[in-house]
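Going down the list, the sequences are from chains B and D. Here the first sequence is numbered in the working numbering, starting from 1 and rising by one per residue. Here the second sequence is numbered in the working numbering, starting from 1 and rising by one per residue.
If you are wondering where the hints come from, they were derived from the structure by calculation, not from laboratory data. Some hints could be false.
Claimed, not checked - Mimicking SDA-like on lysine to any residue, the simulated pairs with C-alpha atoms at most 25 Å apart in a straight line are: (1) B:K131 / D:I68; (2) D:K651 / B:L461; (3) D:K63 / B:D25; (4) D:K6 / B:D143; (5) B:K131 / B:H176; (6) B:K171 / D:A647; (7) B:K41 / D:E655; (8) D:K2 / B:L325; (9) B:K165 / D:L23; (10) B:K171 / D:I68; (11) D:K672 / B:L461; (12) B:K164 / D:K672; (13) B:K288 / B:K463; (14) B:K542 / D:R650; (15) B:K463 / D:P694.
Treat the numbers as computed from the prediction; the structure is a model and nothing was measured.
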Amino acid sequence: MSVKISGKTLIDDLLAQQQSLTAVDRFSRLHEADGLPAQAKFYRDLIPLERPRDGEQYAFAVDLDACTGCKACVTACHNLNGLDDGETWRDVGVIFGCTAIEPVQQTVTTACHHCVDPACMNGCPTNAYEKDPVTGIVRHLDDQCFGCQYCILKCPYDVPKYSKKRGIVRKCDMCHSRLAVGEAPACVQACPNGAIRIETVSKETVRRAANQRFLPGAPLPDYTLPTTRYTSKRGLPNNMRSADFHNLKPQHAHPPLVVMLVLTQLSVGGFGVAIALRRFFPAELMQKLTPFHSLVALALGLLAIGASVLHLGRPLYAWRAVVGLKTSWLSREIVAFGLFAGLAVAYASSFWISRLSPFQQPLGVSVFASGLGGIFCSLKIYQDTRRKFWNGALTAMKFFGSAALLGPATILFTTTARAVFMPDITADAGFRQITARLGGFLIALTVLKLLTEASTLRHLLDKEFSPLKRTALLMVGELGEAMGIRFITGLLGGVVLPLYFLISHPAPGLATLAVTCWILFFALLGELLERYLFFTAVIAPKMPGGMNA
Amino acid sequence: MKKLLKKAAPIFRQHDGALTQELVLHPGDFGLGKVPARLTPDATTTVVCGFCSTGCGLNVHLKNGQAINVSASSDYPVNLGMACPKGWEALTPLAAQDRAMTPYLRNDAGELEPCDWERALIIFCERLKEIQKKYGRESVAWLGTGQIVTEELAFLGALGKFGMGMIHGDGNTRQCMATAVTAYKQSFGFDAPPYTYADFEESDVIVLIGSNLCIAHPIMWQRICRNPHKPEIIVVDPRKTETAMAATQHYALAPKSDLILFYGLANILIASGWINRGFINSHTIDFEEFAQFVTRFTSDYVSEATGLSVDQLWRFAETIHAGKRVSFWWTMGVNQGHEATRTAQAIINLALMTGNIGRPGTGANSITGQCNAMGSRLFSNTTNLLGGHDFTNAQDREKVARVLDMDAGCIPDGNSLAYDEIIDGIGSGKIKGLWIVATNSSHSWINQNSLRELLGKLEFLVVQDMYHTTETAQCADLVLPAAAWAEKDGTFINSERRFGLVKKVSRAPGQALSDFNIFKLIAAYWGCGQMFEKWTSPEAVFQILKDLSRGQPCDITGIEDYRMLDECGGVQWPLPETGKPSTGKLETERRLFEDGRFFHPDGKAKFIFEAPRETPEKTCDNYPFILLTGRGTSSQWHTQTRTAKSAVLRKLYPENVYVEMNESDAERLGIKPGELVRILSRRGEVKAAAVITPAVQPGQVFMPMHYAITNQLTFPAFDPQSRQPSYKSCAVKIERDIF
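Start from the sequences, fold in the hints, and give me the full structure.
Here you go:
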């Protein structure tokens with residue numbers, strides 16, 4: 001019964017009509033092509049008239065009394081900067097508290113604080129951050145970035161955001177190009193209540209206020225000297241906490257970094273043990289063992305470095321890591337481990353290439369020294385973020401502990417394998433001595449390391465809901481399973497199985513090899529889990545967030 | 001060497017490149033300032049936003065006629081350069097993956113299966129005609145909306161009642177605005193919100209009742225922020241909302257004690273002589289009865305009932321008295337109550353007795369919800385006959401029939417059932433076929449479990465929507481794919497009675513058609529196409545609506561056409577032909593009742609009142625908490641069919657449903673922040689994460705309405721005058737979810 005009009009069906013006619021767009025022809029345009037920004041009348045008073053002078057910079061100023069949480073700023077920034085689906089450079093959180101007489105809640109708009117001493121910039125291994133010498137705007141050079149995401153760990157305000165599809169980080173640039181021509185940043189243009197403005201601040205004033213809380217619920221300014229000024233005539237009680245204060249969410253696990261850290265430490269430990277054994281055992285025996293020890297340590301070390309490249313969003317630019325040597329511990333780590341890898345190749349080769357053998361001893365010392373240096377840099381990378389769970393002592397115990405634990409485990413395995421497959425040392429008493437010593441060492445270190453790790457759980461008793469208490473809660477809560485397996489594997493690989501060598505001094509054989517294989521497997525798995533927890537259980541400082549039930 | 005270094009420098013420090021270029025901004029022209037280079041428009045045009053009733057002008061950036069970006073319109077008189085997050089993200093939901101791109105028909109296996117328009121239309125007509133034949137005219141009804149343009153609402157109403165012979169049709173506006181409609185009609189003689197947004201800027205006292213303006217209508221809050229008179233801002237709300245925080249006085253009254261509060265305030269004002277006798281005498285009736293009636297609301301009694309102290313009551317009254325330009329504004333906290341109409345009228349009474357009406361910065365002002373709730377109120381042909389006329393009035397029927405060039409006999413002479421009565425009708429077997437247009441009843445209707453069960457009893461359910469995935473569309477036998485806002489032309493009427501223009505600036509996906517075109521097709525296939533011969537385009541229908549409005553309080557015969565609406569930044573009703581300025585520009589902000597004449601035949605406003613009643617479901621030992629519901633964040637809209645489609649908006653609201661409760665209650669029940677708890681009412685049981693906040697009072701909990709499960713709990717009580725559901729009060733209990 002199809003309805004027809006002038007030859008076509010009505011349906012076809014209407015479907016065609018639906019697709020034609022004629023608004024432009026039918027309606028007038030309010031602004032001609034070269035019109036000045038029509039929003040200027042609203043934001044004229046919200047941006048500074050003059051460029052900052054010496055010792056000054058631009059900063060966001062937020063009038064909290066005017067911020068009522070409409071979040072227009074977030075979406076305007078998104079639209080007017082052409083960000084990706086779901087990408088946002090501004091955020092709006094809530095803080096709750098109470099005065100003696102009434103409840104108080106305050107919404108808080110927040111973006112990059114364009115810090116006087118930007119942690120993102122200081123940590124960047126490629127110098128992909130730049131603090132504009134005139135405006136003080138902290139800009140990210142998107143094409144310079146290779147996507148290591150260290151700035152995300154460094155920023156205490158959770159500002160830089162990783163773009164997976166590009167393999168780089170992007171962030172708020174205070175709409176520097178708008179400010180340069182007298183236009184207001186998108187968020188300033190869009191706040192219905194005029195709560196956000198750009199002002200000029202003296203960097204000295206910011207420095208002097210380093211120890212004063214700049215917003216309840218926000219990390220203290222002393223680390224990076226954020227320049228955003230939050231003001232409220234109403235006054236905010238000190239007991240205010242962010243709405244997401246009680247949210248406990250595991251952080252990103254960064255698997256390539258887990259592998260990289262654990263295996264570099266294994267490799268350094270392996271070389272360390274291999275070299276140390278040469279001091280205590282007859283040269284004749286060690287001449288048979290060390291080449292294999294160093295070969296295995298080298299192979300795993302190179303695997304680690306390979307894994308670290310996988311972590312990068314743009315691995316082809318890995319070489320840029322050297323650029324930030326002056327300020328970035330990440331650069332230093334990469335350089336140190338690069339050196340370590342080179343020296344390790346030379347050292348391992350020296351057992352096979354006779355021309356290198358005269359340098360064997362100095363090479364050995366250098367390999368170990370550069371490796372230790374690399375581990376030290378690794379530890380500084382994390383300590384430098386000022387996250388409580390990544391404090392220096394605890395991280396040192398973990399990182400050097402992994403080296404000291406996985407080194408012996410690897411060498412124990414390599415020694416046994418060498419003995420089983422090339423039985424020229426089967427009868428040597430040295431074998432049993434080496435394996436017993438390594439076994440004992442392993443047990444002692446594992447106990448020490450597990451106790452250290454478990455010590456974090458004492459914070460469960462903290463009265464304050466401190467970052468370490470939250471870490472401990474995660475460890476027994478959402479991450480409880482990983483934590484349990486970590487301790488079981490640790491005990492198996494580091495205590496139970498090594499007892500075999502301590503008690504029965506076995507001769508090399510397939511059974512013994514199997515035991516060493518399991519030791520290495522469990523010990524390694526345990527350390528990988530420890531490192532997984534290192535990343536996931538840390539509490540990342542951030543600006544107050546919204547309710548995220 | 002230096003040259004070489006300079007050349008090599010970018011390799012080590014690359015300041016530019018493809019990635020950098022992606023974010024480069026270019027001058028956008030058209031008064032835009034800088035815009036992303038890849039989104040540089042070749043034209044711009046203003047389109048009124050399709051979310052809430054504020055009616056903001058959005059500046060749509062176009063390339064080859066197609067919308068590519070949105071910013072707030074700098075010159076539109078409503079929003080003055082600003083928009084809320086929904087407005088900024090208005091285009092995103094159009095591009096969602098789950099847009100209905102073809103009709104869907106439920107197959108024998110019970111699944112929705114794509115079909116072509118021809119088949120869909122034949123089935124639509126066959127099935128509904130069959131039902132009408134079998135069970136009578138009353139057995140097929142429709143549930144409409146406040147989300148489509150006025151011309152479409154009128155088409156739906158005329159097609160339904162005059163063309164298809166239906167008797168019963170109602171809209172989702174029943175859920176938000178019916179109370180204000182009834183209150184105004186009874187008090188003023190016509191459904192006439194008297195204000196203009198400039199009143200926000202002119203008042204020296206602003207009273208916001210049951211309105212979280214900062215979140216629900218951020219752009220109206222913006223207008224308050226622009227008020228240069230340092231106004232007292234009074235918020236009446238059980239919760240310490242964002243708006244209550246920003247107010248100068250907050251009265252956290254006991255839920256649903258508002259009617260008593262306003263009678264109490266009236267009593268204080270009258271007893272203290274803080275009233276405007278001159279205004280009362282000249283422009284109102286029934287004041288003496290009212291004054292007598294409120295004497296029983298002594299401060300002690302009111303204090304006891306509302307939980308506010310006597311001092312607070314007096315401070316409130318004194319502030320009203322001290323104000324020279326006091327405006328009263330209310331939203332869903334009032335409209336959605338078991339005695340909502342009387343509460344709204346109690347507010348109107350306060351404005352009348354203090355003479356705070358008809359002058360700048362005054363008024364008893366209902367703030368509407370949906371973008372075209374006001375269009376629905378006047379032109380949906382449901383509660384009122386087209387154009388604010390009366391179905392039961394023969395003269396009105398004659399007039400409408402004359403304008404539409406049809407037989408007056410086609411017009412039903414009785415009122416149709418209200419939303420809740422249509423739903424009840426399904427249960428009683430009266431309603432067998434239902435056509436739901438642009439609303440998501442399965443999520444939004446009160447006591448949801450019961451509704452979902454009833455929808456299953458229908459013989460034929462048609463859902464017309466832009467998504468085939470809404471909770472309601474999933475229940476349908478037939479889904480008709482509709483074009484969305486900005487994919488079609490038409491007008492919305494905003495809260496301050498402003499007609500604003502929606503334009504087709506984006507192509508509808510697949511075979512989706514504008515609701516207007518769908519109605520046109522249905523008319524043709526039903527066999528009543530002739531009746532709508534003149535209804536060729538939305539703009540043609542706009543001309544018909546003008547004729548319908550002639551002589552009514554909402555007379556718009558002075559608006560020439562769409563182009564005039566576009567050029568004026570929208571036009572408020574009324575604008576009769578005779579009211580147009582002969583020279584100069586039309587004033588952009590106009591209010592009603594400046595001459596003190598109301599729309600009752602005697603020109604006077606009425607004091608209407610009634611003794612308060614207790615809430616239908618009170619707390620008890622088993623259900624000790626009062627559940628309040630309402631809007632969660634400014635980035636969420638109603639049932640979230642659209643706002644959930646934007647990744648940015650999703651970031652701005654909690655992903656999962658939550659329940660806000662006071663610290664003392666949480667402590668007593670051993671509930672920790674973020675813990676999943678069970679909320680039980682006599683009608684349902686749901687789980688939500690506990691948010692522990694001082695913003696709700698002890699004994700009360702709050703759940704946002706945007707999450708579907710909330711309405712499994714709500715109690716189906718209705719205001720007797722307006723039939724609006726009372727969403728904001730039911731008894732629940734909270735338990736830890738230990739299993």
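Open item on the list: Hint by hint, where does the structure go against what was stated? Just the numbers, ascending.
Closed with: The structure breaks hints 1, 2, 7, 12 and 13; every other hint is satisfied.
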